[in-house]
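Asks: These are the residues of each chain, in order.
Protein chains: 2
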Amino acid sequence: MSCCRKPTTTSRVRCKRIIAVRKITPFAQPTCRHHYHQNMERAATNAAKAIIDEEIAENLNIKQLFSALKTFRIADLGCSVGPNTFIAVHNIIAAVEHKYRSEGLDSSIPEFQVFFSDQTSNDFNTLFTTLPLDRRYFVAGVPGSFHGRLFPEASLHFVYSAYALQFLSKLPKEVVEKSSPAWNKGKIHYSNAPNEVVEAYSAQFAKDIQTFLYARSQELVSGGLLALIMPSIPNGTLLSQSFLGIPVELMGSTLMDMAKMGLVSEAKVDSFNLPTYLTSPQELEGLVERNGCFSIMKLCLVDSSMKHNAQSLTMHVRAGVEGMVGEHFGTEIIDELFNRYCAKLEEYSFIFDSDYQKGNQLFVILKRK
Amino acid sequence: MSCCRKPTTTSRVRCKRIIAVRKITPFAQPTCRHHYHQNMERAATNAAKAIIDEEIAENLNIKQLFSALKTFRIADLGCSVGPNTFIAVHNIIAAVEHKYRSEGLDSSIPEFQVFFSDQTSNDFNTLFTTLPLDRRYFVAGVPGSFHGRLFPEASLHFVYSAYALQFLSKLPKEVVEKSSPAWNKGKIHYSNAPNEVVEAYSAQFAKDIQTFLYARSQELVSGGLLALIMPSIPNGTLLSQSFLGIPVELMGSTLMDMAKMGLVSEAKVDSFNLPTYLTSPQELEGLVERNGCFSIMKLCLVDSSMKHNAQSLTMHVRAGVEGMVGEHFGTEIIDELFNRYCAKLEEYSFIFDSDYQKGNQLFVILKRK
Numbered sequence: 001m002s003c004c005r006k007p008t009t010t011s012r013v014r015c016k017r018i019i020a021v022r023k024i025t026p027f028a029q030p031t032c033r034h035h036y037h038q039n040m041e042r043a044a045t046n047a048a049k050a051i052i053d054e055e056i057a058e059n060l061n062i063k064q065l066f067s068a069l070k071t072f073r074i075a076d077l078g079c080s081v082g083p084n085t086f087i088a089v090h091n092i093i094a095a096v097e098h099k100y101r102s103e104g105l106d107s108s109i110p111e112f113q114v115f116f117s118d119q120t121s122n123d124f125n126t127l128f129t130t131l132p133l134d135r136r137y138f139v140a141g142v143p144g145s146f147h148g149r150l151f152p153e154a155s156l157h158f159v160y161s162a163y164a165l166q167f168l169s170k171l172p173k174e175v176v177e178k179s180s181p182a183w184n185k186g187k188i189h190y191s192n193a194p195n196e197v198v199e200a201y202s203a204q205f206a207k208d209i210q211t212f213l214y215a216r217s218q219e220l221v222s223g224g225l226l227a228l229i230m231p232s233i234p235n236g237t238l239l240s241q242s243f244l245g246i247p248v249e250l251m252g253s254t255l256m257d258m259a260k261m262g263l264v265s266e267a268k269v270d271s272f273n274l275p276t277y278l279t280s281p282q283e284l285e286g287l288v289e290r291n292g293c294f295s296i297m298k299l300c301l302v303d304s305s306m307k308h309n310a311q312s313l314t315m316h317v318r319a320g321v322e323g324m325v326g327e328h329f330g331t332e333i334i335d336e337l338f339n340r341y342c343a344k345l346e347e348y349s350f351i352f353d354s355d356y357q358k359g360n361q362l363f364v365i366l367k368r369k
Numbered sequence: 001m002s003c004c005r006k007p008t009t010t011s012r013v014r015c016k017r018i019i020a021v022r023k024i025t026p027f028a029q030p031t032c033r034h035h036y037h038q039n040m041e042r043a044a045t046n047a048a049k050a051i052i053d054e055e056i057a058e059n060l061n062i063k064q065l066f067s068a069l070k071t072f073r074i075a076d077l078g079c080s081v082g083p084n085t086f087i088a089v090h091n092i093i094a095a096v097e098h099k100y101r102s103e104g105l106d107s108s109i110p111e112f113q114v115f116f117s118d119q120t121s122n123d124f125n126t127l128f129t130t131l132p133l134d135r136r137y138f139v140a141g142v143p144g145s146f147h148g149r150l151f152p153e154a155s156l157h158f159v160y161s162a163y164a165l166q167f168l169s170k171l172p173k174e175v176v177e178k179s180s181p182a183w184n185k186g187k188i189h190y191s192n193a194p195n196e197v198v199e200a201y202s203a204q205f206a207k208d209i210q211t212f213l214y215a216r217s218q219e220l221v222s223g224g225l226l227a228l229i230m231p232s233i234p235n236g237t238l239l240s241q242s243f244l245g246i247p248v249e250l251m252g253s254t255l256m257d258m259a260k261m262g263l264v265s266e267a268k269v270d271s272f273n274l275p276t277y278l279t280s281p282q283e284l285e286g287l288v289e290r291n292g293c294f295s296i297m298k299l300c301l302v303d304s305s306m307k308h309n310a311q312s313l314t315m316h317v318r319a320g321v322e323g324m325v326g327e328h329f330g331t332e333i334i335d336e337l338f339n340r341y342c343a344k345l346e347e348y349s350f351i352f353d354s355d356y357q358k359g360n361q362l363f364v365i366l367k368r369k
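Residue numbers (the working numbering), protein chains in the order written: chain A, 1 to 369; chain B, 1 to 369.
Source of the hints: derived by calculation from the structure; they are not laboratory data.
Here the structure is a predicted model, which is why all the values come from computation and not from measurement.
Each pair may be met inside one copy or between any two copies, as identical chains are not told apart.
Once the Cα atoms are required to be at most 30 angstroms apart in a straight line, the calculated BS3-like pairs of lysine-lysine come out as:
| hint | residue 1 | residue 2 |
| --- | --- | --- |
| 1 | K70 | K207 |
| 2 | K207 | K49 |
| 3 | K344 | K307 |
| 4 | K369 | K70 |
Please model the entire structure based on the sequences and the hints provided.
Replies: What follows is the structure in structure tokens.
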């Protein structure tokens with residue numbers, strides 16, 4: 001199989017901005033941070049359902065590609081422990097079955113094998129003991145990083161990855177090197193940081209997307225689909241002016257406030273950087289075309305489907321970064337930090353206006369050429 | 001796919017008794033019961049290697065069956081947490097690669113995908129974090145019972161299962177029913193028990209083997225191999241006269257001694273039965289032929305490759321049944337029970353004579369028709 005890194009000029013790009021938010025089942029008020037985080041992602045999983053349904057119906061060419069297929073293999077990369085992964089997988093299988101039926105191929109519906117994959121440190125024991133009892137697919141868990149190969153060549157038909165690709169495989173080392181022009185002193189992210197910092201983050205993201213797409217291009221059969229969901233910023237918007245950038249900056253300034261009060265060391269703040277990157281549709285499109293192995297079937301922004309306030313966003317951010325923060329600064333500062341953070345978010349409550357929350361989720365469907 | 005339960009008369013049966021024990025790498029003195037148990041099984045894994053090597057070389061028809069194969073899929077059913085499963089899988093892959101090379105098909109060697117499977121309660125997190133770093137295969141963990149389907153149809157090329165099939169899927173209920181002629185009063189196993197008890201165990205084993213073989217017959221490709229290793233008794237030998245039966249009976253009589261002393265309740269002993277069954281080559285051969293989907297390529301007894309004394313056997317038995325015993329009788333009796341058990345084994349030290357340890361491991365290689 002060729003390297004697939006050459007840019008292509010034949011990709012079919014349909015980039016449309018979906019402004020109206022699809023109707024989402026409302027969730028009960030979450031009772032803990034973990035559930036809150038889960039609910040956030042579930043809202044996105046449900047919003048993705050309609051798009052994935054449509055793409056499978058339109059673009060999964062079962063007659064040409066899979067007519068004698070016995071096993072349809074699906075992978076969720078970055079599955080965590082459920083239940084969102086179970087919902088996502090259920091939706092994909094239902095859409096594929098619907099596609100077979102709609103083409104009069106009811107009797108040819110294949111068996112399904114689902115590979116739940118995440119880092120080796122993921123709690124697969126919990127994942128396995130909470131599998132839906134009424135599932136109609138064979139299960140496997142696959143440990144490892146999706147920046148490398150996880151599956152045999154041409155063995156998968158549908159790959160799904162939600163809220164995982166925004167995590168960089170590693171922090172660009174220059175942002176914590178004092179001697180580097182990209183040293184990110186006094187900040188914890190690239191939002192509103194010097195150009196060199198932004199470029200270091202962006203370069204790492206580009207590398208990660210290339211290794212991700214290269215591995216998937218080998219694992220997916222020709223005609224197979226790759227669905228990606230990740231937080232994002234609209235084209236031409238600075239991260240520092242977006243709903244996703246401002247809260248991160250406020251977390252940095254909360255830590256700097258605490259440093260000035262002697263509650264944490266300033267050197268610790270200097271050496272702490274969140275390894276996350278928020279891409280734009282344009283940037284991701286360019287990276288996919290550079291890889292060259294995939295046709296872009298859908299690449300669109302949708303609005304966040306949960307409305308935030310200072311308290312709910314604090315819960316969400318805490319669920320995402322508490323582990324990293326505790327490891328770097330010590331767990332004893334956590335409560336103080338997030339109390340101060342919540343107060344600071346309340347000062348900047350304009351970010352919760354609906355305009356700021358628009359178009360911050362990127363949905364991408366790619367087809368292996 | 002047909003049911004495959006009809007008996008066949010065309011199976012090629014080569015049943016030979018291997019008396020000489022193959023040379024096994026000696027093990028360091030184990031330092032704990034878990035390691036001891038692991039070492040016991042590793043000795044068998046190593047002994048199996050030579051047989052599996054030979055069968056793959058002779059009976060894996062790669063030219064006819066797998067000439068365009070991209071992925072060779074292997075499953076270890078009842079893998080536990082390693083490292084024995086890693087050694088077994090490494091050996092199988094090396095033998096398959098050797099087969100390709102020996103036929104001048106070096107450039108056609110496929111990728112390997114290994115499915116490590118065990119009950120959902122198995123510690124897959126430990127399995128995944130201790131995977132060999134230098135492995136040359138793709139990994140997946142598969143939770144669930146091997147008495148049902150675990151894999152898509154015709155998706156596996158080699159299935160291996162060591163020291164797992166002697167565990168019954170459930171205890172035959174009649175052995176703990178006071179009103180049943182198969183009530184196993186005062187005993188914890190079918191060794192030296194009334195015929196009705198033996199028959200109840202034997203019937204459950206037969207059912208389990210049929211569900212196991214039926215599932216594997218659907219999962220294996222035609223020409224695929226199934227390698228089984230399990231403790232066993234020679235044809236025509238009573239379990240009560242074998243190296244494997246006497247220790248179980250002594251465990252039962254130790255418990256009855258403790259019941260008479262008021263240390264455990266006699267009713268608890270009556271309601272406790274080990275859900276294990278030791279088959280013979282003849283019995284297993286009959287069951288395989290009844291299933292009808294497999295040709296028997298090898299079905300032979302080999303000697304235990306570790307020599308025992310009372311202390312070592314106590315460690316081994318304790319590692320195997322401590323969980324079950326503790327759950328039924330309470331963990332507070334464990335130390336007392338195994339101290340008494342060890343003393344009793346010393347009284348019956350004749351069982352450690354080499355004659356008693358002969359032919360107590362059954363190795364089976366089946367080929368999917």
